[in-house]
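Visitor: If you're matching them up, the sequences are chains A and B in order. For the first sequence, this note's numbering begins at 1 and goes up steadily by one. For the second sequence, this note's numbering begins at 1 and goes up steadily by one.
If you're looking for bench data, these hints aren't it; they were derived computationally from the structure. Hints should not be assumed to be uniformly reliable.
[What the hints assert, rightly or not] A few chain B positions that, by computed beta-carbon distances, are all more than 12 Å from chain A:
hint, residue
1, E6
2, T19
3, V53
[What the hints assert, rightly or not] Footprint (simulated), chain A over chain B, 3 or more residues, beta carbon under 8 Å:
hint, segment
4, 29–38
5, 57–66
[Stated by the list, open to error] Taking lysine to any residue pairs in the SDA-like style, the calculated list, with each CA pair at most 25 Å apart, reads:
hint, chain 1, residue 1, chain 2, residue 2
6, A, K45, B, N86
7, A, K45, A, A165
8, A, K45, B, Q76
Cβ atoms here follow ideal geometry from the backbone N, Cα and C, with glycine treated the same way.
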Amino acid sequence: MGSAALDQPNLMTTPLHSLHLELGARMTAFAGYDMPIQYPLGVLKEHLHARAAAGLFDISHMGLIALHAKSDDGRDASRALERLVPADVVGLAQGRLRYAFFTSVAGGILDDLMVGNCGDHLVLVVNAARKEADEAHLRVQLVDECDVERLDRALIALQGPKAEAALALLAPECTSMRFMDVRTLTLMGTECMVMRSGYTGEDGFEISVPADIAREIAEELLANPCVAPIGLGARDSLRLEAGLCLYGSDIDESTTPVEAGLSWAIQKVRRRGGGREGGFPGAETILGQLEHGAPRHRVGLRPEGRAPVRAGTTLFAEEGAGLQIGSVTSGGFGPSLNAPIAMGYLPTALAVPGTTVFADLRGKRLPVDVTKLPFIEPKYKRG
Amino acid sequence: MLKYTEDHEWLRLEGDIATVGITAHATELLGDIVFVQLPELGATLAKGDGAAVVESVKAASDVFAPLAGEVVELNQAIVEDPAIVNTDPQGAGWFFKLRLADAKAMNGLMDEAAYKKLTE
C-alpha cells in the first residue's frame, strides 16, 4: 500500500516516519501528516495490546508550545493564559498538568489541550489540526505578557499497564510520577519532558523527545517484547472507550464545555463566586450554563445489537415517527467491550443513562441506550 | 468454477447455486471486520443490488450481488463471529448462496488470473 505521501507529496512527516514504513504500517493523511493508521497486527489487536501490555504511539504531529513570561515570572504567564481558558492555571503547581480548552466569545470550544507548569514556563500540548490556529491565538492575545515558542520535538505516547515498567528501563525515576505529573527525565543521555498522561484511559506517559534521537528512543522502547507500535485507528477506539472527546467531532465551536460534559475542567475559582471568576471568552454563556444548566448534553451510547453507529448518524426519541433530537458525534466498535459504542448529544431531559433513543441506520431505526461515560474503567496511577 | 468481480467478490458455482464471499484482498483493504449484515433469505437480487454490509473498525462497505439470483442460504457463523471473514475469507468466511437466474452469466466474470492482475 505504501504511504499516503506518495499521492500527496505535500504531507508532512514526523521524525518516526521511516520507522513506521519499516514496521509495515499502513499510512494515511491526517492533519497534514503522513501517519500510521495501523501496523500488521491490525487495529483490533493493537487496541487490545495497549490495554493488556504497552502500546507506543507516535503523536509528533500534535503541537507543543512553550509560553514564557516576558517578565520572567512564570505566574505572569499563568495569569495571561487564564484570559483564554476557564481552567485554574495560576493554581497549577509546578510539575503538574491540567486539561483545559480555549473558549470562543460565543462560549464554544476552539481546541482542547493539556497545560503543564514547568517552573519557568508553561508547556501546552494542542491538537494537530488546530496547532497553527492555537499558536496564532496565543501570539495575538498574549502579545504583551508572553513569548510564544513552538517546540519542534517528537512526542511519543507509551500507554498500558506495562508502560511504567517499560519506561523505567530507560528512566527509573518515572515510577515515582503520579497521573498528571510532568518532569524532565534523562532518557538515553538526553533530557526529555515526561508527562504521566494520555488519551487511552490506561496508565501511561507522553514523552517529548528531541527530534534527532526520537527514533533511537522509540526503537529502544519497542525492543521490549511487551511494547507494540499502535496506529491512529486503535488510538481512536481506545479514546472512545475512555469517553474522551475528539476535537472536531465531539467538541468544536458549536459546543460549550458544559454541554460537552467538561464542567469538571472549570475549577471553582473560575466560576461565579470564585476568586478569579470569569475573565475568559464566552464566560457569560458558560457560567450561566453552569448555574442554570445547558439545553443538551454529551452522552455515551450503546447500540442494541452489533452494528456500529457512526458519527453523523441522526437520533430520534421514537422508533416510528418524530423529529431528529440529536446526533452521534463519534462512533465505532469497542474491542475491549466487543460491542459497538458511540457518543453524541441529546436534549438534557433525555441525556440520562438508561434512556433508549433511536438511531437512523441505513433507513431503519435501531434502539440505542444512553450509558454513562467512560465505557471502561480508567487505570490512572493516582495518589 | 471460481470467479471474481471488480468489487472484490468471489463466487463458487456448484450446479446452479453460487456461494458468494469477499476476497482476501478485500479483507486486507478493510482491516478487522466487526459486523456483517446479510441479505434476507429468499430475497431476489438483481446484479449490482446491495446484498450485504460489512463493517470494519473504521467504516462500512457494501457487498453487491455479483449476478442476479435468489438468496437460498446464509452463513450465520460470520454474523456471530465476523472475524472469520478475516481469517478465512474464501472458505469459512462465505456470506450467502444464490440460486442464479442464469448460471451461464458466470462466464462473463473474471477468472483467478484476471483478478490477480487487477489487484497487483
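Visitor: For a quick check of understanding: which of the numbered hints are violated here, in increasing order?
Guide: Hint 3 is the one this structure does not satisfy, whereas the remaining hints hold.
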